[in-house]
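**Q** Sequence:
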Amino acid sequence: MALSFSEYRGLDAVAMAELVRSGQVTPAELLETAIARAEAVNPVLNAICHPMYEAGRVDAAAAALSAPLAGVPFLLKDITTHRRGWPMTSGSLVMRDQVSSFDSEVVKRYLAAGLVLFGRTTTPEFGYAASAESRLFGPTRNPWDLSRTAGGSSGGAAAAVAAGVVPAAQGGDAGGSIRIPASFSGLFGIKPTRARVPAGPAHGAFLGFSTTHVLSRSVRDSALLLDVTHGPDTGAPYAAPPPRRGFLAATRTRPKRLRIALQRRAFDDTPVDADCIRAIEETARLCEKLGHEVIEADLRFDHGRLREIYFVVWPMLVMHSLDQHARATGRPVRMEELETYVARLVDGARRASAGDFIAGLESMTEVSRLFRAQSDAFDLVLSPTTAQVAPQIGVLDPSNPDQDQLDAALAASVAFTQIHNVTGQPAASIPLYWTEQGIPVGSQFAARFGDEETIFALAAQLEEARPWFGRAADLSVPDARDDASHGD
Numbered sequence: 107m108a109l110s111f112s113e114y115r116g117l118d119a120v121a122m123a124e125l126v127r128s129g130q131v132t133p134a135e136l137l138e139t140a141i142a143r144a145e146a147v148n149p150v151l152n153a154i155c156h157p158m159y160e161a162g163r164v165d166a167a168a169a170a171l172s173a174p175l176a177g178v179p180f181l182l183k184d185i186t187t188h189r190r191g192w193p194m195t196s197g198s199l200v201m202r203d204q205v206s207s208f209d210s211e212v213v214k215r216y217l218a219a220g221l222v223l224f225g226r227t228t229t230p231e232f233g234y235a236a237s238a239e240s241r242l243f244g245p246t247r248n249p250w251d252l253s254r255t256a257g258g259s260s261g262g263a264a265a266a267v268a269a270g271v272v273p274a275a276q277g278g279d280a281g282g283s284i285r286i287p288a289s290f291s292g293l294f295g296i297k298p299t300r301a302r303v304p305a306g307p308a309h310g311a312f313l314g315f316s317t318t319h320v321l322s323r324s325v326r327d328s329a330l331l332l333d334v335t336h337g338p339d340t341g342a343p344y345a346a347p348p349p350r351r352g353f354l355a356a357t358r359t360r361p362k363r364l365r366i367a368l369q370r371r372a373f374d375d376t377p378v379d380a381d382c383i384r385a386i387e388e389t390a391r392l393c394e395k396l397g398h399e400v401i402e403a404d405l406r407f408d409h410g411r412l413r414e415i416y417f418v419v420w421p422m423l424v425m426h427s428l429d430q431h432a433r434a435t436g437r438p439v440r441m442e443e444l445e446t447y448v449a450r451l452v453d454g455a456r457r458a459s460a461g462d463f464i465a466g467l468e469s470m471t472e473v474s475r476l477f478r479a480q481s482d483a484f485d486l487v488l489s490p491t492t493a494q495v496a497p498q499i500g501v502l503d504p505s506n507p508d509q510d511q512l513d514a515a516l517a518a519s520v521a522f523t524q525i526h527n528v529t530g531q532p533a534a535s536i537p538l539y540w541t542e543q544g545i546p547v548g549s550q551f552a553a554r555f556g557d558e559e560t561i562f563a564l565a566a567q568l569e570e571a572r573p574w575f576g577r578a579a580d581l582s583v584p585d586a587r588d589d590a591s592h593g594d
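In this note's numbering, the protein residues as written are 107 to 594.
Simulated from the structure, these hints should not be mistaken for lab results.
Glycine included, C-beta positions come from ideal geometry on N, C-alpha and C.
Careful, some of the hints might be misleading.
What follows is a set of in silico ranges between Cβ atoms, one per label pair, in the way DEER data are often shown [stated by the list, open to error]:
#  : residue 1 : residue 2 : range
1  : T435      : L171      : 38 to 48 Å
2  : T435      : G544      : 42 to 52 Å
3  : R190      : G341      : 12 to 22 Å
4  : R413      : G244      : 26 to 36 Å
5  : D453      : S128      : 51 to 61 Å
6  : R475      : R371      : 19 to 29 Å
7  : A345      : D404      : 25 to 35 Å
8  : G397      : S582      : 36 to 46 Å
9  : A345      : A479      : 14 to 24 Å
10 : P438      : G341      : 26 to 36 Å
11 : I401      : Q498      : 34 to 44 Å
Input sequences plus hints: build the corresponding full structure.
**A** And the structure:
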């Protein structure tokens, strides 16, 4: 049967796959509904930068009908995750002509799980911002308020999921890039444990900072997608501890009584918006109502060492990628092609030394050990996901003429997220609060290294206690599929 958009919107990925396996709907029918929705909303949101509809139709025709996610439409982020023959620009003018010549390991696992890939979503240049705004593609807008950003760097993925184009979309997180857009866009988004999902064969997860996973509307979709993608690939430099029973299984298990630390203060003392504090206070009360113990805490570490990591080590990795690209193409990178913020960082990286790089790596180890010595005393650490509600378009633009404003907004975006990329711990943003203006604000839960299952168990419990799946952004765009007859 053909699906109207309202019917499609009412399904998560798990439910869609169940309909495909039972023969009630085909992968092609799901895909055409997704494409119709994308065509309706993308002119407004600018979430999909590379529509690959014909490739999606090929995938739909070949989808394994017995697979865990049989026939579910899905989108890839426009950075690090390769699909043979597809463009991958990393949101950069420098990379605008790049086409992938192979499939990333995680893409192979997506296809084996039955997903139908039909496009790429927007990201800022090299993922180096908390908003999907770029000179190459322009700004991606938030479905909850078109004047605001959907976040970043996985902003296109967030906007597409929040607008109902797909039930889940791939993202990546090297400093908050899944969790920040999840918070700004009213979604569930978990950064898994370091090396939980393979980064190969072309990338090494950038020294363990970066982790691939998804943004989704339901907790169980995220859990199942982690079940079908986790595990190291050949030659992986890191490996995460294997799950005890499985991530989807964790969502079906009531958590024990948990000891939850409540962290209100930003780790760098950035001021925290009142709505972000109200969000975690409501979340803390809900956790207590569900029988968990919430304990006021103030975890601390030398934030200057964290800045050393993100303003020395990470820019040097970006600089190396640019140098590799220049060698491969024979075309030197012109600084004027880069976003203002990225050019600042690359310029600083070119002046740094090997000793600076090693010092940054040592800081990564020291900060990680200090933080985990404190946080491991608890089952979970609850904090705001970000220190601000989704800001207006332009504030987080990497080429914002007011770079001081950008720096302050970036600090507020990553004030609670970056530390978990340094430690490698799993952390998730959960959508349990909306402002009086109807803007979502996430609460972040971080667990011990390797323990996504505790996050999934609590997240499913919170989702049941305060459901958010049916809460949809009001996007007034025409959608022919809602007017079409169906079921014949």
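**Q** All hints, please: hold or fail.
**A** Hint check results:
no.: 1; hint: T435 x L171: 38 to 48 Å; result: 41 Å, holds
no.: 2; hint: T435 x G544: 42 to 52 Å; result: 46 Å, holds
no.: 3; hint: R190 x G341: 12 to 22 Å; result: 20 Å, holds
no.: 4; hint: R413 x G244: 26 to 36 Å; result: 30 Å, holds
no.: 5; hint: D453 x S128: 51 to 61 Å; result: 57 Å, holds
no.: 6; hint: R475 x R371: 19 to 29 Å; result: 21 Å, holds
no.: 7; hint: A345 x D404: 25 to 35 Å; result: 33 Å, holds
no.: 8; hint: G397 x S582: 36 to 46 Å; result: 42 Å, holds
no.: 9; hint: A345 x A479: 14 to 24 Å; result: 23 Å, holds
no.: 10; hint: P438 x G341: 26 to 36 Å; result: 31 Å, holds
no.: 11; hint: I401 x Q498: 34 to 44 Å; result: 36 Å, holds
Of the numbered hints listed earlier, not one is contradicted by the structure.
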